[in-house]
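**Student:** Based on the sequences and whatever the hints tell you, model everything.
Same order as they appear, the protein sequences are chains A and B. For what it's worth, this note's numbering labels the leading residue of the first sequence as 11, then goes sequentially. For what it's worth, this note's numbering labels the leading residue of the second sequence as 61, then goes sequentially.
The set of hints was computed from the structure by calculation and includes no laboratory data. Heads up, the beta-carbon is just placed ideally off N, CA and C, and yes, glycines get one too. Among the clues, some could well be false.
[What the hints assert, rightly or not] Taking lysine-lysine and the PhoX-like style, the derived pairs with C-alpha atoms no more than 20 Å apart in a straight line are:
no.	chain 1	residue 1	chain 2	residue 2
1	B	Lys-193	A	Lys-368
2	B	Lys-193	A	Lys-605
3	B	Lys-193	A	Lys-384
4	B	Lys-293	B	Lys-99
[To be verified] Now the stretches of chain B that chain A is said to cover, found in silico as 3 or more residues with beta-carbon under 8 Å:
no.	region
5	138-146
6	313-322
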Amino acid sequence: MTLWVLRWTPILLSMMRAIFNRLACELKNHLNPASKVVLNDTRSKAEFSDVQRRLMIYLRALWNCEFVVKQAELDAAGEEVGKPFIEYNVINLPIVFFDYAQDNGTYLTGLEIYRAAATHAAAHLTFKKKPFSARSLNKLHIAMISVIEDARVETLAIRTYPGLKHLWTKQHTATPLANQTAGNYLNRLARALLDDQYQDDDLWIAQGRALFKSINDLENELISRDIGIQLADTFQEKKIKFDFHTDKLSAPYRDDNRYLWRRQVSPLEIFSPFFSPKSSVGIKEDNTLLKKRSSSTPDVSSNTKQVSATYFYPEWNYRSRSEDQSWVTLRESNPAPGNLSLIDKIITENQHLLTRMKALLRAIRDGASQRVRKLEVGDEIDINAAIRARIDISQGIPPDTRIMMRSVQKARDISVLMLLDLSRSMNNKIHNQDYTAIQLTQQVSVLFAEAIKTVGDPFAIHGFYSDSRHFVEYLRLKDFDQPFDELPKARISGITGQRGTRMGAAIRHATFHLNQQKSGKKILLILTDGEPSDVDVPDRKYLHDDTKKSVEGAKRNGIHTFCISLDPGADMYVSRIFGATNYMVVDHVKYLPEKVLLIYAGLTR
Amino acid sequence: MIDAINQYRINKEPYYRVVADEVAIYEAAYAERLPMMLKGPTGCGKTRFIEYMAWRLNKPLITVACNEDMTASDLVGRFLLDSNGTRWQDGPLALAARFGSICYLDEVVEARQDTTVVIHPLTDNRRVLPLEKTSELVQAHADFQLVISYNPGYQSVMKDLKQSTKQRFGALDFNYPEHAIEQEIVSHETGVSQEIAGQLVSIAKMARNLKGHGLDEGISTRMLIYAGNLIAKHVAPQRACRVALVSPITDDPDMRDALGAAVDTYFA
Numbered sequence: 011m012t013l014w015v016l017r018w019t020p021i022l023l024s025m026m027r028a029i030f031n032r033l034a035c036e037l038k039n040h041l042n043p044a045s046k047v048v049l050n051d052t053r054s055k056a057e058f059s060d061v062q063r064r065l066m067i068y069l070r071a072l073w074n075c076e077f078v079v080k081q082a083e084l085d086a087a088g089e090e091v092g093k094p095f096i097e098y099n100v101i102n103l104p105i106v107f108f109d110y111a112q113d114n115g116t117y118l119t120g121l122e123i124y125r126a127a128a129t130h131a132a133a134h135l136t137f138k139k140k141p142f143s144a145r146s147l148n149k150l151h152i153a154m155i156s157v158i159e160d161a162r163v164e165t166l167a168i169r170t171y172p173g174l175k176h177l178w179t180k181q182h183t184a185t186p187l188a189n190q191t192a193g194n195y196l197n198r199l200a201r202a203l204l205d206d207q208y209q210d211d212d213l214w215i216a217q218g219r220a221l222f223k224s225i226n227d228l229e230n231e232l233i234s235r236d237i238g239i240q241l242a243d244t245f246q247e248k249k250i251k252f253d254f255h256t257d258k259l260s261a262p263y264r265d266d267n268r269y270l271w272r273r274q275v276s277p278l279e280i281f282s283p284f285f286s287p288k289s290s291v292g293i294k295e296d297n298t299l300l301k302k303r304s305s306s307t308p309d310v311s312s313n314t315k316q317v318s319a320t321y322f323y324p325e326w327n328y329r330s331r332s333e334d335q336s337w338v339t340l341r342e343s344n345p346a347p348g349n350l351s352l353i354d355k356i357i358t359e360n361q362h363l364l365t366r367m368k369a370l371l372r373a374i375r376d377g378a379s380q381r382v383r384k385l386e387v388g389d390e391i392d393i394n395a396a397i398r399a400r401i402d403i404s405q406g407i408p409p410d411t412r413i414m415m416r417s418v419q420k421a422r423d424i425s426v427l428m429l430l431d432l433s434r435s436m437n438n439k440i441h442n443q444d445y446t447a448i449q450l451t452q453q454v455s456v457l458f459a460e461a462i463k464t465v466g467d468p469f470a471i472h473g474f475y476s477d478s479r480h481f482v483e484y485l486r487l488k489d490f491d492q493p494f495d496e497l498p499k500a501r502i503s504g505i506t507g508q509r510g511t512r513m514g515a516a517i518r519h520a521t522f523h524l525n526q527q528k529s530g531k532k533i534l535l536i537l538t539d540g541e542p543s544d545v546d547v548p549d550r551k552y553l554h555d556d557t558k559k560s561v562e563g564a565k566r567n568g569i570h571t572f573c574i575s576l577d578p579g580a581d582m583y584v585s586r587i588f589g590a591t592n593y594m595v596v597d598h599v600k601y602l603p604e605k606v607l608l609i610y611a612g613l614t615r
Numbered sequence: 061m062i063d064a065i066n067q068y069r070i071n072k073e074p075y076y077r078v079v080a081d082e083v084a085i086y087e088a089a090y091a092e093r094l095p096m097m098l099k100g101p102t103g104c105g106k107t108r109f110i111e112y113m114a115w116r117l118n119k120p121l122i123t124v125a126c127n128e129d130m131t132a133s134d135l136v137g138r139f140l141l142d143s144n145g146t147r148w149q150d151g152p153l154a155l156a157a158r159f160g161s162i163c164y165l166d167e168v169v170e171a172r173q174d175t176t177v178v179i180h181p182l183t184d185n186r187r188v189l190p191l192e193k194t195s196e197l198v199q200a201h202a203d204f205q206l207v208i209s210y211n212p213g214y215q216s217v218m219k220d221l222k223q224s225t226k227q228r229f230g231a232l233d234f235n236y237p238e239h240a241i242e243q244e245i246v247s248h249e250t251g252v253s254q255e256i257a258g259q260l261v262s263i264a265k266m267a268r269n270l271k272g273h274g275l276d277e278g279i280s281t282r283m284l285i286y287a288g289n290l291i292a293k294h295v296a297p298q299r300a301c302r303v304a305l306v307s308p309i310t311d312d313p314d315m316r317d318a319l320g321a322a323v324d325t326y327f328a
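**Tutor:** Here you go:
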């Protein structure tokens with residue numbers, strides 16, 4: 011008896027320690043009551059907000075795809091979500107992962123868990139495009155198929171990136187000693203399929219390994235289903251009851267595999283899974299944010315000066331080759347504010363683009379110092395000029411006496427007005443993309459405004475639409491002297507596309523606003539998706555020519571006009587109106603930083 | 061003076077792995093003395109190519125690394141002061157034009173635009189170089205050819221060649237070679253095994269995915285060769301990659317961390 015106790019006590023103790031450790035880990039990572047408590051915890055940890063950018067860079071480097079990685083929202087009960095999951099092709103990760111020592115003594119850092127979770131989820135998204143059908147399957151089948159599928163996508167990823175194996179195996183701690191529950195066996199199988207070094211003599215595990223090894227074509231997405239069903243059937247010989255709620259995979263990096271079973275997106279979106287934010291992403295999130303924000307939505311009428319003046323502008327008639335005076339009536343009005351959370355979302359989701367734009371703009375700003383040479387009076391001697399002069403003297407030639415130079419910081423003196431086309435056609439989807447021109451306009455204007463904050467140039471955003479020459483509506487979304495805070499953001503988020511595009515009058519009015527600015531350089535950026543058109547003008551050439559005239563008028567006022575066209579097929583008329591070098595096509599927000607740089611560099615040169 | 065030009069001859073064959081038809085095209089261009097522009101990202105083999113071609117054609121090669129403080133007289137030449145008064149010293153361009161060599165202006169876009177225009181009369185049918193200071197008109201030697209290199213990266217937005225300069229050149233586009241070829245180059249230049257060279261190339265490919273997404277330029281073939289050199293000197297591959305590939309390319313902590321982790325995924 012004593013011998014028996016001596017022999018089994020250490021094993022029992024180690025099992026109990028394992029259970030306690032597991033419970034502690036679960037408590038830390040799975041049952042976090044509220045984010046504040048979690049984030050105030052002083053144990054070493056990795057927080058999602060600190061690692062998000064790293065993870066996105068990491069995934070982009072490995073897969074050359076734009077994966078969207080975001081923090082998991084609170085679950086239905088208002089609890090933190092402790093396990094990663096994939097929803098709408100977006101990788102959702104918990105708010106924090108704590109560093110901890112595992113049962114087998116290896117130390118795991120929060121960042122390692124994040125990396126493992128992100129790469130595992132990315133492997134799912136890369137190698138599994140269509141969900142399994144759960145028809146005629148029981149819960150055990152589903153669990154088994156999920157384990158095999160996890161192993162399949164991991165094996166495929168390891169083929170290209172062998173180092174991932176180490177990252178993942180490190181987080182599997184199941185041992186043959188764990189043989190009580192179906193969950194124990196699932197975890198042992200998961201480990202056995204991933205880790206060749208792992209010893210497990212159980213016949214069922216060996217069968218799982220053999221079946222998995224026998225797969226010829228791992229790329230076949232359905233193979234996991236066949237093997238999972240076979241294994242689930244043989245598992246029943248063990249007479250261990252499977253409980254869907256408790257028998258789960260314990261490796262902290264594994265997601266909950268809902269991605270494998272739920273059809274989450276329309277078939278169209280499956281083919282372009284990696285670029286983000288469809289409007290469907292996180293509907294719940296939007297609603298909660300909406301609730302939170304509703305009190306802070308600014309009241310436009312109360313805190314801004316009322317703008318509602320009427321202006322009359324001439325229009326160019328190419329047939330009579332003259333301007334019809336006071337032909338167009340333009341009215342400035344207050345735009346209706348929209349939902350602020352939309353703008354915050356744009357900023358958060360495009361943080362990496364924003365960082366790059368800001369860095370580039372700063373580089374242009376700081377790099378604008380110039381050496382002015384050939385000065386009679388300057389700050390320092392231009393040694394080359396001085397030697398040249400000395401040589402000339404030696405040769406008996408009259409020397410150039412301008413031998414001084416000076417470094418000057420080019421003063422930044424630029425005002426930018428971004429004029430948005432808000433006509434009905436902006437509600438259409440952009441060619442070959444799954445977002446509308448209005449959505450892209452919002453992204454472009456918000457990112458531009460945020461980035462320009464860094465350099466502090468005066469910047470305004472206005473918009474327009476028209477309904478015949480008697481009614482051109484001009485919306486001042488953000489004025490030059492107004493900070494880019496909640497009010498302009500809410501206005502941008504509220505823009506919609508309606509009616510026609512009488513661009514000439516709008517450009518003349520924008521010119522009027524830019525003329526009020528005292529800057530040396532003035533830029534008018536026009537964002538549009540199509541050529542000028544209006545209900546009362548059947549002749550397209552009429553509005554083309556008028557717009558061209560208005561651009562020329564702006565130029566006479568010292569304003570550089572650039573057109574950002576959202577329509578890839580727009581080259582012909584856009585280059586006619588604005589000039590061959592004064593327009594660019596932006597059909598995806600990711601091209602924006604370079605384009606912005608082009609505009610700015612072109613003007614500061 | 062002939063000695064002065066002979067020192068620019070390349071006596072030993074430089075290693076260059078032909079990728080496409082660039083050698084044949086260049087030979088044809090040289091036969092016509094057509095000015096050439098080599099375009100491509102840094103460290104992809106432009107300079108090595110021109111060295112190889114100079115060796116192959118048995119012509120001297122004068123290389124000038126351009127910078128923004130370079131003046132026209134740095135290219136053409138200047139009077140120097142010495143004990144006897146003044147003395148004219150030919151610049152590299154005048155030397156090449158006088159004695160017939162290939163003149164290679166590396167990263168020409170770095171030079172100021174008023175400097176680059178001095179090459180204009182040499183690059184059209186006139187083939188002359190006026191030396192204003194000495195009132196001399198140097199007729200280019202029959203062997204003379206002008207070659208410039210140009211990296212159309214993001215700095216080209218800030219600094220670009222004038223159209224009037226660009227349109228005087230034929231252009232050969234260079235890029236990082238395909239996987240197998242780049243692997244062969246890295247292995248040849250460093251002596252590491254094909255397997256390690258292949259891993260290095262895969263790592264470079266991964267970093268090239270990040271160009272425009274936080275990196276201004278991807279990891280170049282030259283950097284891979286440095287990493288390979290370290291590995292050949294028995295530095296552990298992961299450490300060598302950090303030293304030669306990750307740390308030099310970026311100062312952004314997030315980017316370094318992500319790249320470092322990505323490098324680790326290649327080594328089991």
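**Student:** Please go over all the hints and tell whether each is borne out by the structure.
**Tutor:** Here is what the structure says about each hint:
1. Using a Cα cut-off of 20 Å, the hinted pair Lys-193(B) and Lys-368(A) is violated, with the two alpha carbons roughly 46 Å apart.
2. Between Lys-193(B) and Lys-605(A) the CA atoms are separated by roughly 43 Å; this puts the pair beyond 20 Å, and the hint is violated.
3. Among the hinted pairs, Lys-193(B) with Lys-384(A) is consistent with the structure: their alpha-carbon atoms are about 18 Å apart, no more than 20 Å.
4. A distance of roughly 33 Å separates the Cα atoms of Lys-293(B) and Lys-99(B); the hinted pair therefore is violated under the 20 Å criterion.
5. A stretch counts as covered by a chain when three or more of its residues have a beta carbon under 8 Å from one of that chain; for the region 138-146 of chain B and chain A the count is 6, and the coverage holds.
6. Counting residues of the region 313-322 of chain B whose beta-carbon sits less than 8 Å from any beta-carbon of chain A gives 7, enough to reach three: the coverage restraint holds.
Hint compliance for this structure: hints 1, 2 and 4 are broken, all remaining hints hold.
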